[in-house]
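Please model the complete structure; the sequences and the hints are all you need to start from.
Heads up: the protein sequence lines correspond to chains V and S, in order.
Residue numbering for the first sequence follows UniProt numbering, beginning at 1 and increasing consecutively.
Residue numbering for the second sequence follows UniProt numbering, beginning at 1 and increasing consecutively.
Among these hints, one or two may not hold up.
A short, non-exhaustive set of chain S residues, derived as facing chain V with CB atoms under 8 Å [unchecked claim]:
id	residue
1	Asn48
2	Thr236
3	Tyr249
Quick caveat, the hints were computed from the structure, so don't treat them as lab data.
Backbone N, C-alpha and C define an ideal beta-carbon position, used for all residues, glycine too.
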Amino acid sequence: MRARLLAAATGLAALIGITPLNAAPDNFAAVERGRYLVVLGDCVACHMNPNGEKRGAQGFVGGRPIETPFGLITTPNITPDRETGIGTWSADEFYRTMHEGIRPNGARLYPAFPYTYFTRMSRDDTDAIFAYLNTLEPVRNAVDRNTLPFPFNIRASMLAWNALFFRPEEFRADPNRSAEWNRGAYIVEGPGHCGACHTPKNMLGGDRSGDRFAGGPLQGWFATNLTGDQRTGLGNWSVEEIVEYLRTGRNARSAASGPMAEVVEYSTGLMTDPDLRAIAVYLKEPPAQAPAPPARTPIAAEDDRMKIGEALYVDRCMACHTRTGQGVPNMFPRLAGSQVVQQEGSETVLRVVLQGVRAAYTPHAPTSPAMPAFGWRLNDEQAAAVTTYVRNAWGNAAPAVTPADARRMRELLRDRP
Amino acid sequence: MRRLPRKDAVIVGLGWTGAIMGHELCQAGLQVVALERGPWRDTASDFNIGTAPDELRYGIRHDLFVRTAQDTVTARNRMDQEALPIRRWGSFLPGNGVGGAGVHWNGHTWRFLPSDFNIRSHYLERYGEGIFPENHSIQDWGITYDELEPYYDRFEYLAGISGEAGNVKGQILPGGNPFEGWRSRPYPTPPLKMQHAQNLFQRATTELGFKPFPLPSANMSQAYTNPLGVTLAPCTYCGFCERFGCANYSKSSPQTTVLPVLMRHPGFEARTECEVVRVLKSPDGRTATGVVYVDAQGEEWEQPADLVILAAYQLWNVRLMLYSGIGRPYDPNTNEGVIGKNYAYQANSSVNGYFDNQLFNSWAGAGSLGMTCDEYNGDNFDHTGLNFVGGANINCSTFHARPISARPVPPGTPRWGSAWKKATRDNYLTTTNVGSQGSNMSYRDCYLDLDPTYKDRLGRPLLRMTFDFKANEERMSAYVTDKMVPIMRAMGAKQIVATPKRGPWNVVPYQTTHNTGGAIMGDNPRTSAVNKFQQVWDMPNVFVLGASAFPQNAGYNPTGTVGALAYYAADAITQQYLKNPGQPLVQA
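Laid out in structure tokens, this is it:
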């Protein structure tokens, strides 16, 4: 009897053109778009299984601790598991999370989740991501989401933060610019959330909007300057070079490593060529950017730090990076004129020297060569001298590195394998 | 013993041949597992530039080689002797771990001469039966150089070999080896920069009428990106190749050419510290059904597979076949059976030259930095009346002057004390060497079998080697060494010490790791273990790769031929065998 009633009701619904609430539409197109938007957003880098597994749903099970200046934040499970994931969420709720940083239960998210960028995404796009996430196998993985220390663990404080630093608004294209430029702007300022790393933060973790893309210290690295500055930014990089770097993880100038290696492996390396070009076109002509860093003259070659640094360089570094700092294309990064080496902060250079680093892997550049650690055979003075040297040799110019910098980096690296 | 899910193919050993075969099979869509009994090894994690050139650790204490407590062999010169186990490697150094001997080689990458492949019929036709030594078992390979040429080419382009072509499609080119078989195109990278010793050698040999050419090298003369997209960096001439892993990505190895791609392949899996102890057979004995291996915890596992690829080192391939009852073991008394037959080695010699007025700076070297002459190799010269078969290449290479082992003091110098120190100081920079890499023929009484007495940690009999240098090899080595002395004289040495190869074979001093044979290829199942595709004659789903297939050894380093044969077998499997699996590719 009950079944017959139901059938009658469904028949009625069909008759008057409404669908039952729970029937999923054939959302093939949305799912396809969502899968690619997840690549643009580099979601996997934060939400993947902390054991490194990232195939299928494992890329979204959460639990990876993300370093912030305020402590570790553990990422949530965004598979459609009903209890520990987003299985009970609606598309409206997902949009609100992306657009405003507020979860269905009203809890405010921290901007480690870059809703400050995702807010620029269209409703269509967040719906597509939601549709894609809902195709994943639901994985039960309860994550302790409250790992920040006091007072940062008080989520209500984000109310004030948002009032200061955040305005929810979707992206608006600039009609005076090309479609390509606007596409780049959308990716960079929206899902790609490049500024989350490459724009310096104020004391409270908000973007210093006057310093867009000036770069800054981050998680024990120095996110590079992406402005048009010739020495520290992308001023000397052509659009083609930016595209090659984002696609393959390397070009004749540089190799992606550290957090950027993950960005290339999980995100930019999987983007379409037109999108990479759009990003490069936008980065070469951003609407506003930080003022150029102060002009610098290299530290004199006669300086003791430079002489010691040069001796160490000849002994330890030159076999790969060559005497003139030219490196080997696609293998050992060029240091002469290198953007990475000349950043205001020495974090990346010091870290790479002390701890070693492995270049990104992409199917286009599978070698993934590594620089070994030198921390065990250089003391703080030597590490400071050799990094000061590479920052000031061959026409490079950047602030000297001190033994105290090296000591601090060593301490920072102690519990980071 | 626990049984694991079936794989399409199981590969025993992840060195050069295992990596090449793994990649080709995965590209063909197969699910492949490689079982490697040694540890994982990679440039980034294991060959740190600050620790890789550690002569004590690697050169003297053999860090990259299989521990004799895990596996060794027993050795004897003659069948009437009792063989004893080698407890510290000496004469040869079997590799271990991912990359195998491809990690610690010098990088000489040769093609064998066309006449090396049909040596028996070639010598028979040119000189008659009388040329062959007593008790020999020299055989043709069952494959021609022309068949193998495309696969030499593939291996050389995989590995980015540096060299100067001497024969491109039949056109003899100046500066290369005029005796080499034709090649379809030049080497992928130009030769290395020569050292002072090579320049002297080149001048001297040219004056004497030789045609010297650069030794083909797996040490890169320049950066090179191979067809798999993997990049190698230029060699820094540090001189730590043989016995060492390369820290600069400058020496071709599985790590620097194949593994970066293979390890990411979704169809591929490698399990390290997993020692295969036997191949399993179907009840009728005609098919292999998989392998049994022991992991580091001592657990036994069964890995079923449709295809079994033996890609271990030559000695261990043979041992595994003998344990598993694949093929009929060779019996030297009846000359029947095939597994263990035709073990061969290499008859090398050297001429040291001590100079007054030359500085060689041998510290700056590379594993295959050398100039070579091929006039007295193979059958490049008339053997009429010489009473031997075979020959040797003559080379002058500067491959290291490492401080512990390179003490080139003249004979008569005290072994220690102030006179020894003075002689070291006087000769370290002023000594150089001309060497020969000599062929080794096969004989009825040079073979491999299972030792009746000594067992390994798992209770399995050790492999027994019965081998000695024969009069044929001694005559060949004496003849070629005689040709080397005038070269050294023309180079200007004030004192010359020549050491031709003489028996008996001694397992203590290092000679060469070019062990060959034991599972030889051929055109007849009665006299060979595998067909030309390295497919076991009577167990068609088993392929045995590597120098175990050489029916005798030529006057060259084996790796180029090993790599070419691996590609040849891989093509045969992916293009023929898989269309009709379980069938022999050559009808017996």
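Worksheet item: Quick one, is the Thr236(S) hint okay against chain V at 8 Å, beta carbons?
Response: 4 Å, holds
Worksheet item: If you take the shortest Cβ to Cβ gap from Tyr249(S) to chain V, is it below 8 Å?
Response: 6 Å, holds
Discussion item. Asn48(S) was flagged as interface toward chain V. Is the shortest Cβ-Cβ separation under 8 Å?
Written reply: At 4 Å from the nearest chain V Cβ, Asn48(S) passes the 8 Å test, so the hint holds.
In summary, the structure agrees with every hint in the numbered list given earlier.
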